[in-house]
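Novice: For reference, the chains in residue letters:
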Amino acid sequence: MAVEERDPLSGYKTTGHEWNGIKELNTPVPRPVFVFLIAAFLFSVGYWLLMPAWPTGQSYTKGLLGFDQRDQVARDVAAAAAQRAAWSRALEYTPFDVALADPALMTRVRDTAPALFGDNCAMCHGQSGEGGPGFPNLRDGAWLWGGTPDEIAETMRVGVNADHADTRVSQMPAFGRDQMLPQEDVRAVIDYVRSLSSERPVAPSARLVRGAEVFANTCAACHGVTGEGSQAVGAPNLTDGAWLYGGDRDSVHQSVWGGRHGQMPAWEGRLSTAERRLLTLYLLDLGRDQP
Amino acid sequence: MLSELTSGQRQAALIFLALVACVGLFVAGFGGADPIAAHGWLVLGVALISAFAVLTRFHDPEPVADRSGSYYDAPVKAGIILAMVWAVLAMFVGDWVAWLLVDPELTFSEPWASFGRLRPVHTTGVIFGFGGNALIATSFYVVQRTCRVRLAGHLSPLFVLWGYNLFCLLAVTGYLWGINQSKEYAEPEWYADLWLVIVWVAYFVLYLRTLARRKEPHIYVANWYYLAFILVVAVLHIVNGLALPLSWAQAKSYSLFSGVQDAMTQWWYGHNAVAFFLTAGFLGMLYYYLPKRAERPIYSYRLSIISFWGITFFYMWAGSHHLHYTALPQWVQTLGMTFSVMLLVPSWASAGNALMTLNGAWHKVRDDATLRFMFVAAVFYGLSTFEGSFMAIRPVNALSHYTDWTVGHVHAGALGWVAMITFGAIYASVPWLWKQKTMWSPRLVEVHFWLALAGTLIYVFAMWNSGIIQGLMWRTYNESGTLAYSFVDSLEAMHPYYIARAVGGLFFLVGTLVGCYNIWMTIRASRAAAVLEGDHPAPRPALETGS
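So the protein sequences, as listed, match chains V and R.
Quick note: the first sequence uses numbering that gives the first Met the number 0, first residue 0, plus one each step.
Quick note: the second sequence uses numbering that gives the first Met the number 0, first residue 0, plus one each step.
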């Protein structure tokens, strides 16, 4: 039979077994263990009675509170929308200029838009709309597709080269790669284009003259005779020093030789009218802060 | 390691490895352009290298005819070394992904170094590579000592260890190549899963046969836990892994489950992997090494029983608390939550049983870093089981879910509990196994202890802060009734905590490296001179007279 010993330290007996020197005391289970076990069980029973809990074949016990997480979400969403309705409805019909002059409404815009912009636009346009290579700065006042509130809202609604039926279409042809211009002309027109926004006067040369000729023949149709751009086809102003893809020789070469095909998603269907108008106001507001 | 095999067993090993090599070659050939082909070559390579290792020892002298007079410790030693190798690799990758979250450029534009591929390398490496090898090694060690009998087999323990590590290798290399069935903690594809089933069944049979041969009248608690670990992990792994491959020569497969059933099966698996892999198995470790090192009897046998059955029964229900507020029907969430709350009682009973066992040995906890590792492990076990039950409560979960709080919780368990008890067990067994009085440098054990503890605390506190801030930022509304912060705002707020976490992880990694060095030096010392005699399954006089 097992030999039970008494542990001098705790005063309890061992179970009498030993495994490679390890023994066990036969200490009774401390009372709190049972107390807490029962308490946890009673809590659970209470919770089961109140909430949806046990399956019953095709259905389940619904609980005395009649609580359902889906209804709860629907209620919460509706309540939050109702709370915002006072000002968010106004966004849908208030003309932009009126809204811009309405401090109360603009406070809502400044409260709400940064998170909306941060979650939907910032990954391309930067945290505060400052843009980056290939993604336009939205606060510098240099607009590709027009800077009136309605034009901005429309760009947002239909996107650029997007999957929307009314999408804006923008295409900068690949003059070099598609062999629309000889290599020499590409180089000349690049020099010319870069000279348009150069801050220092550029010494005239035969190459610049050739570049101007090429520009007038090939580029002016979209970028305008003086290179001022065209908001109808989204062709950037090439004279203002605000570059979408970069103004260094390599970037301009890349633009003219390989073409560009910027893409901006259409937000109709993803953001509500109120949200798109809110973002429009936000961008206009950002532009106002600019010197 | 092979010197304990008879020449017949060495031949059998060679034939087996030749078979595996053929399977590898076959897969490599038929795989064609599919990524599975690379795994075919890998299996072929591993089998050939292993066969070569057998061949170099092929003509070693035969072992003694009756080996039952000694314990079979070769696989235990190998398992401990493998566990430490995996620990270094996987913790290094873990700290790398921690820095990757600080600076996303650290992928060096390599697809294999992207977060989504490195992260499972870390988790599989630490859980299965480090934890799994430590469990297999210590379970082999403990079952022999507590049953006073040699392992029931010579090839099968080696097969279990070798096969298990091959599985881990297939898993982590696969992730780097983009092979992943996208189930968390069950990422390997169908063929690696099938291989693990074979290995695991062999493990189960080996364990049962050894228990059946025991020379002790009763089965010690540690073995209940090890057995629960082996049995339940097999069940979980098989059910969650049910999938249909595109073909026998393609890596990709589709799970038999879809939609919310898939999610529920996955988290039934996921949570019970925590329960039976990361808890039950390591409780087995605790129940042997802690009383052994403290030289104190287990506080209460009755408490052991209550907590064992409490843990095995309640855990099975708790998985759905990973899916609160999702498409999962609410009644399933209710059950997950309430059972998680009840689960706290047996969890704390286990932790309490361990801590009360230390009564009368507190001066040893103070002086002996190895025992202190185990003590801290029991404390963190208590802390993280409390936190787990707390986070399972729906309204709490509404804040904590999807945030770094979860990551902090996991690491309180993984670093504080799992890794600490493992280091304690390893520091206890290495001198016993390599016949030394102590580790080469008890001071370095002390250094490791403080590095590990500091690393864990830095990590966990950083993630608590980060997680709670994150959760609050995501739910903060402004006066206009709209969200106050964008996701990126919350990401920016995380940045300092991510740095702190990566530093904490670095501490932990350095501690592990110190441990490796110390173990290495202990083994070298044993080559010079075996100071102690090894133990062996000698008949115990006290028992001979009794029963």
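Hints were generated in silico from the structure; no laboratory data involved.
Glycine included, C-beta positions come from ideal geometry on N, C-alpha and C.
Heads up, a few of these hints could be off.
In silico EDC-like cross-links for lysine to aspartate or glutamate, where the CA-CA straight-line distance does not exceed 20 Å [to be verified]:
{"id": "1", "chain 1": "V", "residue 1": "22", "chain 2": "R", "residue 2": "102"}
{"id": "2", "chain 1": "V", "residue 1": "61", "chain 2": "V", "residue 2": "91"}
{"id": "3", "chain 1": "V", "residue 1": "12", "chain 2": "R", "residue 2": "534"}
Quick look at which bits of chain R chain V covers, simulated, 3 or more residues with Cβ under 8 Å [as the list claims (entries may be wrong)]:
{"id": "4", "region": "20–30"}
{"id": "5", "region": "203–209"}
{"id": "6", "region": "302–311"}
{"id": "7", "region": "324–338"}
Novice: Starting from the hint list further up, note which numbers the structure goes against and sort them upward.
Specialist: 1, 2, 3, 4 and 5
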